Amino acid sequence: MSEPEVIVGIGGAAGDGTASAGNTLVLSMARQGIAAYSYNSYQSVIRGGHSWLRLRFSAKKPLNHGDQVNVLIALNQDSLDRHLQELPPGGVCLYNGAKFQPSYDPPARVQLCGLPVPDLAPDSVRLPVMQNTVAVGAAVQMMGLGFETLAAVFETTFAKKPAVVQKNVEAARNGYDYAAKNFQPLATPLHPTDQKWAQSSGNDLLAMGAALAGCKFYAAYPMSPATHILEWFASHAKRLGICVRQVEDEISVVGMCIGANHMGVRGMCATSGGGFALMSEAIGMAAMYETPVVIINVMRAGPSTGVPTKTEQADLNQVFGASQGDFERVVIAPVSMGDCFVTPAVAFDVADKYQIPVVILADLLLCEGSETVATEVLDVEFPIDRGELITTADGSPDEPYLRYKDTPSGISPRAIPGLPEHLYVSGSDEHDEDGVLLSDVFTDPIRRKKMVDKRHRKMSTILRDLPAPMLEGPADAETTLLGWGSTWGVIKEAAERLTAEGVSVNHLQIKTMIPLHGDEIAAVVEQSQRLIIIENNQSGQFARHLRAETGIVAHGHIRKYDGEPFEPKHIVSAVNDIIGGQEVVDVLSTEPGFRTDHPTGTSGSWEGLNQVTRPGVPTKA
Amino acid sequence: MTAPATVVEVKDFKPEVHSDWCPGCGDFGVLTALFQACAQLQIQPHNLMVISGIGCSSNLPGFIRSYGAHTLHGRLLPFATGCKLANQEMTIIGTGGDGDGYGIGLNHFIQAMRRNIDVTYIVMNNEIYGLTTGQVSPTSETGMKTKTSPHGNLEGMLNPMALALAAGCGFVARGFSSQIKHLVELYKAGIEHKGFALIDVFSPCVTFNKLNTYQYFKERIYKLEDEDHDTGSFHAAMDKALEWDPKIPIGLFYRNPDPRPPLDSLDPALTGQPLVHQDYTIDSETRGELIREFM
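As they're listed, the protein sequences go chains E and A.
Offset between the first sequence (1-based) and my numbering: plus 43.
Offset between the second sequence (1-based) and my numbering: plus 42.
Treat the hints with care, since some could be wrong.
[Unchecked claim] Listed next, with one range per pair, are the computed distances between beta-carbon atoms: (1) A:E131 x E:D472: 20 to 30 Å; (2) E:S503 x A:K56: 35 to 45 Å; (3) E:P451 x A:E58: 42 to 52 Å.
[As the list claims (entries may be wrong)] Heads up, simulated DSBU-like pairs for lysine-lysine below, C-alpha to C-alpha not over 30 Å straight-line: (4) A:K236 x E:K281; (5) E:K224 x E:K281; (6) E:K142 x E:K224; (7) A:K56 x E:K448; (8) E:K493 x A:K236.
Hints in this document: simulated from the structure, not taken from any laboratory.
Fair warning: this is a prediction, and the values are worked out from it, not measured in the lab.
Glycine included, each C-beta is placed from N, C-alpha and C at the ideal position.
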């Protein structure tokens, strides 16, 4: 018996208040023990355009935004036109009946719920966003929930404006009562539970997780979809004693961050692909200095400016290859928003212990989406391991301090600048154990090789400190679904559905991208008859990485690069296609609501652009 | 951390590594003056961090006994800013060349002045790219012939003094590498200035710049200290900044009489102890408050 769930879609133009309506709804659900997952599909405009926020609610924590909206809140005519046709039987469409009317007949058994907003919220004439409040009140009623929690949410949201609280509570109440009198409630009502949920985005959780892991310095240049991390830090800087700077560009961002780390504090920075490109040169410097640094790349659809408000997993090649030369780095891709919370602590510990740059590879889906996280998951004290860090100098050491001492582990104890008897210069040039440059010495192949080997040796033990791949489902399943990073939740649900349909699958999710747990992956793949790799990009960047590192060639590939994230239905259907003999399935979000009729008509026919397949990657013999 | 109360001498800053600049290079004078200024100010070597970019002059941190970093081309100021914000008790000196600071790193230079981080920035300005063996620089004179401007530099000459004044730099000075005593005084004043200090130093490249030679400067320079120059006047400083041929002023152009406090004294996280010595743990009560923000 599956837990009842509701998927609400709020559609409107930027500036219509879709996000705040969504927040109100999510908060009122979370406070009743109902979990939420939300994802906003929007355009890069400040006013206008179309914004499509999907919110999935259930007592069983949803791990993705689901397949199909069944409650539509249309805040403008465009949203009503786009999305009414997508509603399933039993679906509900709420809209301001005084302003908008459906342009076509609704699908069968869809309830049209026009709200007489001017009567229910007289203020809406002056303040159009009051229509959102009325609709939220009505939606809560139709989901079978009480009104009180919603009223309390307005009190929190508008804590400093009692008059606004009153008006919103009245409007919501009127919407709630109107729905009770005039509309049919949903067939599957939601039930409150005792679980305490915190509602937050991946960006929030990366920031808070880093702060709790001892991050004392944060620098960034605003770039979607990573900007909110900077805003979180800025708004908490004073209280938490964190130095937070917005600076001129990402070159400076990473330079400052490495500088702060070099002095002994934990420093972090975040950006998206374009900013990460600017950071590249300095990442190699951090590796050469053996100065830890944690860098977050929140991927968005590329290349170049790409589609700034859309999600993709296509920066793997960039982070793998960032900066010239051979050097040691770690790349970790958090697998859920809750995982965003713990990843900075892992990243900082590994960066400190091995004195290397660590990249957290997240994406727009994780970072701008939000989900409810059980409060007990967040209420933890991270054990902080700073590695071999020398922070005090007692007396005179017996032998001269060598910052880059050639040790068996390759890790050289790191003194923070400012200590007597530990003077050293760090060079981006190749240097000897004492830091003195080799580059200006007449070719010294022996010492050059020694230093390269010393740095590389650090990697020999690092895998044990990094999260191993997670296998879910039976080890002897016929088909293994392999994903990385943010696709964990959607693949997990697809695997559960496939299993329920009698398809023998398991699910392996990769979080540590570099270095790769090749042996662990091979052990799983050897047991299954078919490997399918699922990733949110066009060229199969992970599939290539896996092949390069392990020789493993997947039998099938499911890819999506249309800007929208995977939904469970996409994966279920594509897995069946691959079992049926296809090699590569390119998935496309085809709901009519996504369609934009180009005003110039130059984009050609849209019809027929459905799930397309193409041959390409060789299969395993 | 309390420094041992030992008297610091010039020899304390001299490392075992000898500089590898060309014989006659202006950078020797810049380094010698730095030894003297640091000794006179009684800066303990372990409280000093010298940070450079890339280029001949940027090899300097390797030739002084202190903490140091030899960063990337043009990127010393972001790194130095991060260092100062992490530990404002350290004396941070940036050293680089004209190509490094006024070419590839120009944005950081302007932003660092605007930001007013307490870093003393010494630019060894030789009006040429030396380490890459003689190409045109942003401070090369118009018309100057180099390997990459064989028919004469077609572009204008960047004026770092005027630029620094316009960018809000509170301490703007220029020296000449063969006038070491004068340079020592400029360094000391720059290091003691609370905020960003620019000291541009004419440091002739004897190998690749046949125009801006020692002789060239000797014929043209004069000291502002010998004139009735008001170092507290922005406008007087700007007038002097715009002087070039036939007479070129050196000395202290401008010291803001009412300087803005440096960034490292304004950031709320840096009041009290340096960041690096602060407790980085967050107590469970605060953690609970952070969680409740999401509820």
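Check: Between K224 (chain E) and K281 (chain E), is the straight-line Cα distance small enough, at 30 Å or below?
Finding: violated, 50 Å
Check: Does the hinted range 20 to 30 Å hold for E131 (chain A) and D472 (chain E) at CB?
Finding: holds, 28 Å
Next item on the list: Verify the proposed pairing of K493 (chain E) with K236 (chain A), using a straight-line Cα cut of 30 Å.
Entry: violated, 43 Å
Margin query: Assuming the hint says 42 to 52 Å, is it satisfied by the Cβ distance from P451 (chain E) to E58 (chain A) or not?
Written below: The hint (42 to 52 Å, Cβ to Cβ) is violated, given that P451 (chain E) and E58 (chain A) are roughly 27 Å apart.
Check: Given the proposed pairing of K142 (chain E) with K224 (chain E), does the C-alpha separation stay at or below 30 Å?
Finding: holds, 21 Å
Check: Taking 30 Å as the top limit, are the C-alpha atoms of K236 (chain A) and K281 (chain E) close enough?
Finding: Status holds; Cα separation ~23 Å.
Checklist line | S503 (chain E) versus K56 (chain A) beta-carbon gap, inside 35 to 45 Å or not | finding: Taking Cβ atoms as reference, S503 (chain E) and K56 (chain A) lie about 40 Å apart, which means the hint holds.
Margin query: Check whether the Cα positions of K56 (chain A) and K448 (chain E) lie no farther apart than 30 Å.
Written below: This hinted pair holds, its Cα atoms lying about 23 Å apart.
In terms of the numbered hints stated before, the structure departs from hints 3, 5, 8, listed from lowest to highest.
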